[in-house]
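Take a look at the letters that make up each chain.
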Amino acid sequence: MRRWKSVCLFELLMLMPAFLFGQKTDFSGLKIFVNPGHGGHDGDDRHMTATDFWESEGNLEKGLFLRQLLEDRNATVYMSRTTNYTSDDLKLSVIAEMANTANVDIFLSIHSNGFDGTRNQPLMLFRGYDNSPAWPAAKTFAQILWEKIYEKSNCWTHTFEWVKGDWTFYPEWGTEGLGVLRPLNMPGVLSEGSFHDYIAEGWRLRNPNHLHHEAWSMLRALQQYFTVVPEPYGIIAGTVRDQLTSPPYYFDSGTKDQHLPINGATVTLMPLNMSVTLDELNNGFFMFDSVPPGDYQVIAGGMTDFYNDTLSATVTAGKTTLTDFLPSFDTARVPMVLERLPVITDSLPFNQAFSFTFNVTMDREAVQSALLFEPAVNLTYEWDEKSKVLTVRPQVGFVSKTDYLIRLTTAATSKWDVHLQQEYQVSFITKSRSKLVVDKIWPSTGAGGITLFPRITVRFDAPPDQASAIAGIRLLDSQSSPVAKQRELFTSDGGKGSYSFELASPLQTSGNYTIVIDATVRDVTGVTVGAAIAATFSTRTKAYQTGSIVEPFDNTVSFWDPEASGSTTGTDNPLTTFTSSYDIYKTNPPAGRLDYLFTGDDGGVCRVFDTSKPTIGSNTSQVFAMWVYGDLSNNNLEYWFYSPGSVNQIVEAAPINWAGWDLIAIPLSNIGGSGEWQYHSLVVRQNSSGLKSGIMYFDDAMVITPTGIDDTEASETGLAIYPNPVTTKGMITFFLKSGDQVVINLYASDGRLAESLFSGMLDAGEHSIPWYPSPAIAPGVYTLELSHRSGVAGGWHHAARRWVIMR
Amino acid sequence: MRSVFLLLIFLVTIEAYPQSLRVRSVKRIIPAVARSYLLTGVVPGSDQLLVAGEGYNGLFLLDTRKGRMTEISNEPGAGYEPAVTADGKKVFYRSDNFNDNMKASSVYAYDIPTGGKELLADRGRGVIPPAVAGNSVLLRSDSETRVEQRGATLKSGSERIFVVTEEMMPVLYRGGERKALMPNGEGFYIWTSLSPDRTMILYNYQGRGSFICDTDGKILHDLGNINAPRWFNDRIVIGMDDKDDGHRITSSELVYYSLGGKRRVILTSTPDRSEMFPFACGNRKIAFCTDNGEIYLMKVRVR
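So the sequence lines, in the order shown, correspond to chains Y and E. Quick note on this note's numbering: the first sequence kicks off at 1 and runs consecutively. Quick note on this note's numbering: the second sequence kicks off at 1 and runs consecutively.
Don't read these hints as lab results, they were simulated from the structure. Being a predicted model, the structure only gives us computed values, none of them experimental. Be a bit skeptical, because a hint or two may be false.
As the list claims (entries may be wrong) - Cβ-Cβ distance ranges computed for the label pairs, FRET-style:
(1) E:N97 x Y:T76: 16 to 26 Å
(2) Y:T733 x E:R178: 49 to 59 Å
(3) E:V302 x Y:T509: 55 to 65 Å
(4) E:N99 x Y:T314: 33 to 43 Å
(5) E:I30 x Y:T509: 53 to 63 Å
(6) E:G209 x Y:Y582: 31 to 41 Å
What the hints assert, rightly or not - Using 27 Å as the maximum straight-line C-alpha spacing, the simulated DSS-like pairs for lysine-lysine come out as follows:
(7) Y:K415 x Y:K435
(8) E:K243 x Y:K613
(9) E:K299 x Y:K729
(10) Y:K496 x Y:K431
(11) Y:K31 x E:K179
(12) Y:K729 x E:K262
(13) Y:K737 x Y:K542
(14) Y:K164 x E:K243
(15) Y:K319 x Y:K164
(16) E:K66 x E:K27
(17) Y:K496 x Y:K435
(18) Y:K485 x Y:K496
(19) Y:K586 x Y:K485
(20) Y:K415 x Y:K256
(21) E:K285 x E:K66
Beta carbons: idealized from backbone N, C-alpha and C, even for Gly.
Please build the complete structure, drawing on both the sequences and the hints.
What follows is the structure, given as structure tokens:
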């Protein structure tokens, strides 16, 4: 009862300023328009690969929560969308007109930002120039909102007030500015609350509480702007992090983000006895809202490897108290093996890898010294970044049909020098092995269209004996003459091995070549292939075209290390680098060299950001290409571009299923958006069936104007147009062998897209599409291009016809 | 004789049921005061347009022949949806004041021949833009609804029919009757307007497309993707097909919909210019502005 009286007294005191200083007690009578930006997971939505964050989702979650907060305080709220479907992605003009028609007092567009992955700070935009806003009140509100969002977090990379007029912020847009602010007849602000491509922030944006926290800040800003009495309650928010471990992605040193968030901890607020369990989304964020002012104890617990931790926090009305935990590690825990893989112990292959998972961080050297194989085996060791999982492999291979014993003695210790209490033992038997197996030959037999600059590659199930491989593996031309080798290379990984070589001179176009592996080729233990193997392939039929070089890869300084390039995730940062190569290059030295190592089995992304961001034009009949030295990794190569407004456009260039130099091209018509594009990044995206590491080279990115029209392809689709010339109605007919994605465009003689006639899926078979030339299309000679591909990942095929338009 | 008769029938049909537009010429209007403008209306029977500054702040008359500007108001919001009487003499507009950042709107009548200004409604909440039918005006706010006659009464019996948007839905005022319409169900109805012959209502339903219904709310036409639709005449609607990337307008073309032909046609194809917010200017011209605040006048051929 006493507590109840105290609360009543407290609330009365909090309302006193309203009576004394003319503040409104709530938002009664006020109309507010909330616009969660973008919508629908497609079109212009922003998706962050590293964190699987969709901006449309974050914006909507913030907007819906803000609406609830405002309506609870008697505001009238209008929203441009309350769901997240494609149909919710309304035109900016429509959103602005909704606000105008609703006759609201203020308009708030909610977004998050993206740049280069290294920046995280709030940005507020209003209409006009910095010092000449179209609505002065909009600038006032923008400043208030920036302050409220800034003060609710301590994970910013920049501290200055970033409040800008859109005409100043986007000088290249002239007086166009932000499309949603321009037609507003009331003050409007577009809030870029934080940077979703700063990976640590991207993970936080996956946490609804973090999004709600931003909505609370918006509420506080609206209360101050409309002179509404502030919240009588406060918020305690913060993070739980591992002080000993840095994240595997870019972070700004000196910020809280230099410590890896801890998933799954439980945070309790006392004496209110409220608890939250942290999610598993790598943000470590928690929040208690609507907390009465006063002193509290905040307790972090429920962590496997860490001691519970308690911090004091004082809550102030209308403010956030930030409480960040760096709990101490439990250094006295006795180490033990939690799991060993594989579980089976019978008939294991000669190159079997074993992994041991420990319950605590281990001393690597002590464990490696204490791990014994009997009979003795030379091993390779691989640790995870927390030193809790060890994977070992035989350097040469286990002996065929042999009993082995693995011992991990009590000499193994944790990082804090605590020993295993008892020795760990397991035995296994290897199966018999009769021959050296060829896992892969590239180019494979029957392959066509092979590059003229291949690296011939043979992979075995064991490291080959080098002398026998050099002597017994060769490339023969169509006359059965051996082709001279250069840069021969042996590699071994995971108990397997490979031999590869380049050729001293380029292969001939339309040539037939055969890779021969003699029966005598053997591995390091003396096991032979047993029978000779041959693989015949043919080279590409056309010579390479060249174009206007937009990025020669000559200046390494203009490229960012993958770690700092944003969106990079799942890589071993010290071993993933982008440097200059003066020994391997395509035209002139240097070329760019990418060394990458993915730490997981899938989902890794390795991005190299090119700060020069060369413009590649807008001509959709042209092709963007670069020389790429493939590593046969079976990962995926992507080119990333900006369309106007720095909207990221990702294009799948090719699966990396070749070795050596090849010109990897994509049509500009495959790039999303329109207008002048800029190339800005090359990306290797890890495939679950791809190699975890590799080395690639890049040289001479260029824009090519394709010469001629591919009549061969046209005959395959039977593309026909009539009448020609056409006046008011034309007909386009063609045949598809399979159900394909089809795009039909009409280009003017200068390459400009004159009209997009069709885009969509079509079934296999004959198709006839009528076309009525728009009066806006001037008479002249045009090129009609039919592009089609099967599936999203398939390559595009093009056919074209010249069409004369008359009036 | 029969051929002449058929030709006459054909010509009369074309005039009575115009179905298509074709661009003849486009001319940029250079206002005497250089700044970024929004086109916000036309003055019937004159060469004058109504334009507003950024954020619909201020309202001006723009002479299309010489670019001369006449300031009607410099108040916030004055340029949003002004209404002009059929005789082209009076402009009604709403202007906004902000007290503690809360909007309060007034309505004024501006007399074009004399430049005189009259306050019709002072600082109210929920004031919707004035609607004009013939030479009468509907004034509507949270506190009142009234119709005033501001010029000669027209012969048309349907003069006092108004359509406005209240609580995001079209509302028809006819005589003493008020009828709220929701032809497509609940949702945001924007850009509502009454056809010149006062028998049809044009609107956009929450960005999903533009429609025409009759005065009972029965949908007559689905116009497709047309934003900022306006009546060109009783048989043709003009508007814009704007595209954006979520931040910036990336392109916008003028389009029209022929009620007789039941088809939507792209009127312009100008990648370098984004035409927006068109208005019919007489029966042979269309005025529009661009995303960077330029004003243009387009001559069209009507067939």
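Cross-check of the supplied hints:
1. Between E:N97 and Y:T76 the Cβ separation comes to about 19 Å, which falls inside the hinted range of 16 to 26 Å.
2. Taking 49 to 59 Å as the suggested C-beta distance range, the pair Y:T733 and E:R178 conforms, at roughly 57 Å.
3. Remark: the range hint 55 to 65 Å for E:V302 to Y:T509 is upheld by a beta-carbon distance near 60 Å.
4. Checked against the given bound of 33 to 43 Å, the beta carbons of E:N99 and Y:T314, roughly 37 Å apart, stay inside it.
5. Against the hinted window of 53 to 63 Å, the Cβ-Cβ separation of E:I30 and Y:T509 comes to about 59 Å, which satisfies the hint.
6. Roughly 60 Å separates the CB atoms of E:G209 and Y:Y582, a value that falls outside the hinted 31 to 41 Å.
7. Taken as a hint, the Y:K415 and Y:K435 pair is broken in the structure, with Cα atoms around 43 Å apart against an allowance of 27 Å.
8. For the proposed pair E:K243 and Y:K613, the alpha carbon gap of about 25 Å is at most 27 Å, so the pair holds.
9. The straight-line distance between the Cα atoms of E:K299 and Y:K729 is roughly 25 Å, inside the 27 Å bound, and the hint therefore holds.
10. Simply put, Y:K496 and Y:K431 have alpha-carbon atoms about 17 Å apart, close enough for the 27 Å limit, and the pair holds.
11. With a C-alpha separation of about 24 Å, the suggested pairing of Y:K31 with E:K179 holds against the 27 Å cut-off.
12. A hinted pair counts as satisfied when its Cα atoms are at most 27 Å apart, and Y:K729 with E:K262 qualifies at roughly 18 Å.
13. Distance restraint check for Y:K737 and Y:K542: the Cα-Cα separation of roughly 24 Å lies within the 27 Å cut-off, and the hinted pair is therefore satisfied.
14. Between the alpha carbons of Y:K164 and E:K243 the distance comes to roughly 24 Å, so the proposed pair stays at or under 27 Å and holds.
15. At most 27 Å may separate the alpha-carbon atoms for a hinted pair to count; Y:K319 and Y:K164 meet this at roughly 25 Å.
16. Only pairs whose Cα atoms come within 27 Å are accepted, and E:K66 paired with E:K27 is accepted, the gap being roughly 12 Å.
17. With a C-alpha separation of about 14 Å, the suggested pairing of Y:K496 with Y:K435 holds against the 27 Å cut-off.
18. For the hint pairing Y:K485 with Y:K496, the CA-to-CA distance comes to about 23 Å; that is within 27 Å, so the pair holds.
19. The suggested pairing of Y:K586 with Y:K485 holds, with an alpha-carbon distance near 17 Å, which does not exceed 27 Å.
20. Restraint check for Y:K415 and Y:K256: satisfied, since their Cα atoms lie roughly 24 Å apart, inside the 27 Å limit.
21. With a C-alpha separation of about 17 Å, the suggested pair E:K285 and E:K66 falls inside the 27 Å cut-off, and the hint holds.
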